Amino acid sequence: MADFFQNYALDGFYDEMFAAPDRPRPHYERLAARFAKMENMGELLARQQHADQTFLSRGVTFTVYSDDRGTEKIFPFDLIPRIIPAQEWSRLEAGLAQRMTALNSFLADIYGPQRILREGVIPREMVESSRNFRPEMVGFAVPHNLYVHINGTDLVRDEHGEYRVLEDNLRTPSGVSYVLENRQIMKRVFSRLIRDYRVRPVELYPNDLLALLLHLAPAHVPEPTVVLLTPGIYNSAYFEHAFLARQMGIEIVEGSDLVVENDRVYMRRTGGLAPVHVIYRRIDDDFLDPTVFREDSLLGVPGLVRAYRAGNVALCNPIGTGVADDKAMYYYVPHMIRFYLGQEPILPNVETYLSSHPVDLKFILDNLPRLVVKSVNEAGGYGMLVGPHAARAQIEEFRGKITANPRNFIAQPTLGLSRCPAVCGDSIEGRHIDLRPYILNGETVKIMPGGLTRVALRKGSLVVNSSQGGGSKDTWVLSAGAVPAQAQGPEKIIV
Amino acid sequence: MLSRVANLVYWMARYLERAENTARIVDVNAALVLDLQSRRDADDPKSWESLLYVSGGEELFGRLYDEVSERTVVEFMLFERRNPGSIFSCISQARENARCIRDQIASEVWEHINTFYLKLRDDDYARYAQLGPFEYLSRIKTQSQLLYGIAESMLPRNHAWWFFELGRFLERADNVSRILDVKYFMLLPALDAVGSALDIIQWASVLRSCSGFEAFRKSRRGQLNLERVVDYLMLDDAFPRSIYFSVREAEHALAQITAEIPHVAENAATTLVAELRAELEQLVVREVIASGLHEYLDHIQAKVAEVHEAVQNVFITYPTAGAYKW
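For the record, the sequence lines run as chains W and L.
So that you can map any letter, position 468 of the first sequence is 468 in the numbering used here, and since no number is skipped, the others follow by simple counting.
So that you can map any letter, position 280 of the second sequence is 280 in the numbering used here, and since no number is skipped, the others follow by simple counting.
The set of hints was computed from the structure by calculation and includes no laboratory data.
Please note that a few of the clues may not be correct.
Said to hold, decoys possible - Ranges of calculated distance between the beta carbons of each label pair, as one might list FRET restraints:
#1 ALA274/W with SER107/L: 25 to 31 Å
#2 GLY149/L with SER256/W: 32 to 38 Å
#3 ASN158/L with ARG338/W: 54 to 60 Å
Source: prediction; values computed, not measured.
Backbone N, C-alpha and C fix where the C-beta goes; we use that ideal spot for every residue, glycine too.
Let's have the full structure, built from the sequences with the hints guiding it.
What follows is the structure in C-alpha cells.
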C-alpha cells in the first residue's frame, strides 16, 4: 500500500482533489482509493512511462519553432485526471453557452447595425482600433446568422474555487486533438476507473464538428465538400490539423491546393479541379487572401474572400471573429451578456483593468509589481508581464510600453490559480491548471463534455501554454448520478 | 487525390529509389576499383571521378571539394548535406514528404522511413570505412528494400499507390541507365580489354550491383559479355530492374491512374511512355553498342525526363484556366 499524498502540500491554493490535507473531495475519493491500492510509486511511474511511450509512437506532437530542426515534441501528459462533477459541469455549460450566444450577437451587431456602439455601451474606437476588426465584412450577412462557430474559452478557478473566464479564443482555437488522444491513452491506462466513474465521452467531437461544417454549406449544394485548410507541416498545430481531417474523413489542403475561378473555390486534384464548399480554416484572417488582407501571404488563396462574399463557400470560423477575443474586448463581454440577453453573466470574468481608461491606467502604473499585464493581441503566453515574478527592469520596460500605447494592454490581479496533483519526477505535487472547453455554435450550441486541462508543470509557474513548459491532463466530466463509491478490484496495467 | 499530395508521393518514391541506386552505383564502383587495382595505383582518383559524371554532380562537387578521392566522392554521394542527390539528402527528403502525408500512408511506412533517416543522420565516412563499402552499402540497400516490402504489403492500391509506383519506376529506368554508364566510363581508357577476363569480372560486378547476376545466369546461360549484359539490363522483360521492365511498369501505373480519371485517358505522359516502351521493344543491342552506348543511355535519360515533365504538366501543375472541372 502506498500513500502518494503523505507529503502533499496545499500551500493555500484551491486544490481540485483535496478539501484539506488527507481529505479528498467526494468526487476524488474513488481515485484516492485506487491510488492507495498501488504497490508503490514505481507502479504509477510505469503507467506514466507507458503513456509517454504511446504518445511518442502515435506521433502526438507539436512543432517547436525555436529549434532549427523543426523538431516535433510530445506535449507532456500527466496521468492524474482532472475530475468535474456533473452539477459543476452543468453550470459551466450554461455559462459557456450564454457567453457564446452573447459573443455571436456582438459580432452580428458590430458587422451589422452596431447598436452596442451607437448606444455607447462599448466605445466605438475600442472596436475600430482593434487589429482584428475587419471593416471589409461590415454589412455582409453570414449564413444562418452564425458569426462565430468555434470558441475555446479558457477558464480558471481562483483561490475560492470560483470558475472565471480568462479569455475567449474565437479565431482558430487549438488543442482539441490532445483532448481526444489523452482520453485514448487514459482508457488504456485506467480503463476500470473510467468505467466506474462513468466519465462522459468526448469522442463525439469530430462528428459534431463535421455536422456543424456541413450545416454551413451553401444551401443549393446537395453533397458539399468540406476541407481543412492548414498553413502546412511546419505549423505547431499541424498534428492536430491532420488528426481532425482524418477523424472527419475530409481532405487536408494548403493554400496552394485551392484556386478560385468565377468566385468559386476548387481544389487542384490529379484529375482536374474539384469544387470546395466549406473550409475549416486553421489560418488567421490576415493570411486568408492576399488580394484582401496581407499581400505577402503565401498561405492563402487569392480570390477566396470574393467567393466567400458571393456565398459560394463557407468559412469556419468566419472572417473577423478576432475582434471579439481581443483582450480589451474581453472586458466588455459581461456588458454584452447584459445588453443582448438581458441576463447576468453566469461565469464571471477575471477582474480586469483597461489601460485605455485613465483611472485604470493610473491604478495599473501604480501597481505593476502585483499585476499580470497582457498585450491585447498576443496569444500563447507571449507579450506578457507577470508582475510578482518580474525583474525591476522588465517592469519598467512594460511601464514604458503601456504609457506609449494604452490601447494595447490590459492588467489583471495575479490569480492564485487552482492546483491539481501531478506526477513530478518521482513524487506527486500540486501544479496550477486551467481548462479550455470547446464550444460549437451550429444549429444549436454544443459543448464537448470535457476540455483541455493544461497544467503548468514547472514548479510555481502560472503559465500553462505548451510553448512555455506546460502539459496537459485528461478532463473527466462525470455523468449525473455517478456518486463516488469504494473502488473495486485492482486494475492491471495493459502493456 | 490532391495534386500536391500525389506529387509528394511521387517524389517520395523517386527519392527512395534514387538513394538505393546511388548505393548501387557506389557499390559497383567499389567493386570495379578492386578489380582495377591489379594494374593501377590504388589511389588513382580517376577511378572514383567517373561516379561524379554519371550522377551529374561534378559541378557541385568541384565547388565543395578540393580533390577527388575515394573519401571525398563517397562523402559527397552518401553523406553530403549540400548535395541534393546524396543518399542522406534523398532519405531526408523522402522522410519530409512522408511526414507531410503521414495521414495518408500506413503508419508503418512512416515509422520505417523515420527510423531509416534517424540512423543515417548519425552516419559518416568513418562509419562507412569501418564497415567497409560492401557491408555498409548493403545495409542501405536492405533498408530501402524493407521499406518497399512494407509499402507493398500495407498501402491500398489506390491513386497514391500508383503515383508511388510511377515515381519509383521512372527513377529506376533513369538510374539503371546510369549504372550501365559507370562501366562505360571505366572502360574508356582500355577499350582493348573487351572480352578479357577482367572485362568479364567487371560485367559480373555491374550485374551484381543490380542484384542481377544470378538472374542473368538463370535466364541466358550464355557467357558474360558486353552485349548480353547490356541486353539483359536494358531489355529483359522479366527482370524487375531492367530499363524495359521499369518503363513498362511506369506505363502500367499511368494506365491505373488514368483509369480513374477517364477524361485524361489520352495525355502526353501516357503517349511518351508508350513511345519509349515501343522503341525499346524494337531495339537491337548490337547496333546500339556499335553506334555508341553512352549516347544511347543519355537518350534514355532524356526520354525519362520528358515523361516526368509530362506527368507534372498533366496531373500536378496544369494551368487552372480551362482545366477539367468535376
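Hint check results:
The hint said 25 to 31 Å for the Cβ distance between ALA274/W and SER107/L, and at roughly 27 Å that hint holds. One distance hint, 32 to 38 Å for the beta-carbon pair GLY149/L and SER256/W, holds here, with the actual separation near 33 Å. Checked against the hint of 54 to 60 Å, the pair ASN158/L and ARG338/W passes, with Cβ atoms roughly 56 Å apart.
Of the numbered hints listed earlier, not one is contradicted by the structure.
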